[in-house]
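The sequence shown lines up with residues 0 to 147 when you count with numbering that gives the first Met the number 0.
It should be emphasised that the hints constitute simulated quantities derived from the structure, not laboratory data. Don't take each hint at face value.
Simulated restraints, written as ranges between beta carbons of each label pair [unchecked claim]:
#1 A73 / Q93: 24 to 30 Å
#2 L37 / L81: 20 to 26 Å
#3 G133 / E75: 37 to 43 Å
#4 V39 / S69: 18 to 24 Å
For glycine and all other residues, C-beta sits at the position ideal for the given N, C-alpha and C.
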Amino acid sequence: MPSRAERRRQSRKPDAGAPSRFSALASREVLGALVLGLGVVAAIGGVLLFTGGGGDDAGAPAATAGATFSPSNADEAAIEALARRSIEVLPRNQWPELYDDFTAEFQARCSREEFVQAGIEAARASLRESLRRGMQAKPPALGSERRT
Numbered sequence: 000m001p002s003r004a005e006r007r008r009q010s011r012k013p014d015a016g017a018p019s020r021f022s023a024l025a026s027r028e029v030l031g032a033l034v035l036g037l038g039v040v041a042a043i044g045g046v047l048l049f050t051g052g053g054g055d056d057a058g059a060p061a062a063t064a065g066a067t068f069s070p071s072n073a074d075e076a077a078i079e080a081l082a083r084r085s086i087e088v089l090p091r092n093q094w095p096e097l098y099d100d101f102t103a104e105f106q107a108r109c110s111r112e113e114f115v116q117a118g119i120e121a122a123r124a125s126l127r128e129s130l131r132r133g134m135q136a137k138p139p140a141l142g143s144e145r146r147t
């Protein structure tokens with residue numbers, strides 16, 4: 000009968016006739032997992048490469064500093080003047096004054112009264128839309144009011 004020490008040594012030795020721990024199936028699974036992992040990493044890398052990989056502004060167009068418009072003909076100059084004037088006039092609700100700045104061709108197609116009426120209807124529609132959005136807004140949660 001073998002001694003206790005010999006029995007321990009034999010239990011620690013790998014069996015010569017026993018199959019290996021890593022069977023052919025296990026090695027295929029490891030290889031498959033490796034290929035899948037590399038595929039995922041490559042896909043993520045490709046997406047970051049093609050989208051720019053930036054933060055919140057990755058899709059935003061770059062602003063051009065100092066870009067100005069220079070009209071190349073009289074029509075473009077008139078359009079530019081009208082745009083500048085409308086920026087000044089519209090916030091003060093004096094848009095009917097813009098009618099005189101439109102071309103004679105436009106004035107022939109649309110009378111001053113039609114122009115004013117269209118502006119009034121557009122303002123009412125805008126007001127209705129603002130009110131509709133305001134009514135759909137959720138009331139503030141309790142305790143979220145600001146105290147001054």
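Each hint tested on the structure:
Evaluation of the 24 to 30 Å hint for A73 and Q93 yields a pass: the beta carbon distance comes to about 26 Å. At about 59 Å, the beta-carbon gap between L37 and L81 misses the expected band of 20 to 26 Å. For G133 and E75, the Cβ-Cβ distance of about 39 Å falls inside the hinted range of 37 to 43 Å, so the restraint holds. Checked against the hint of 18 to 24 Å, the C-beta distance between V39 and S69 comes to roughly 51 Å, which is inconsistent with it.
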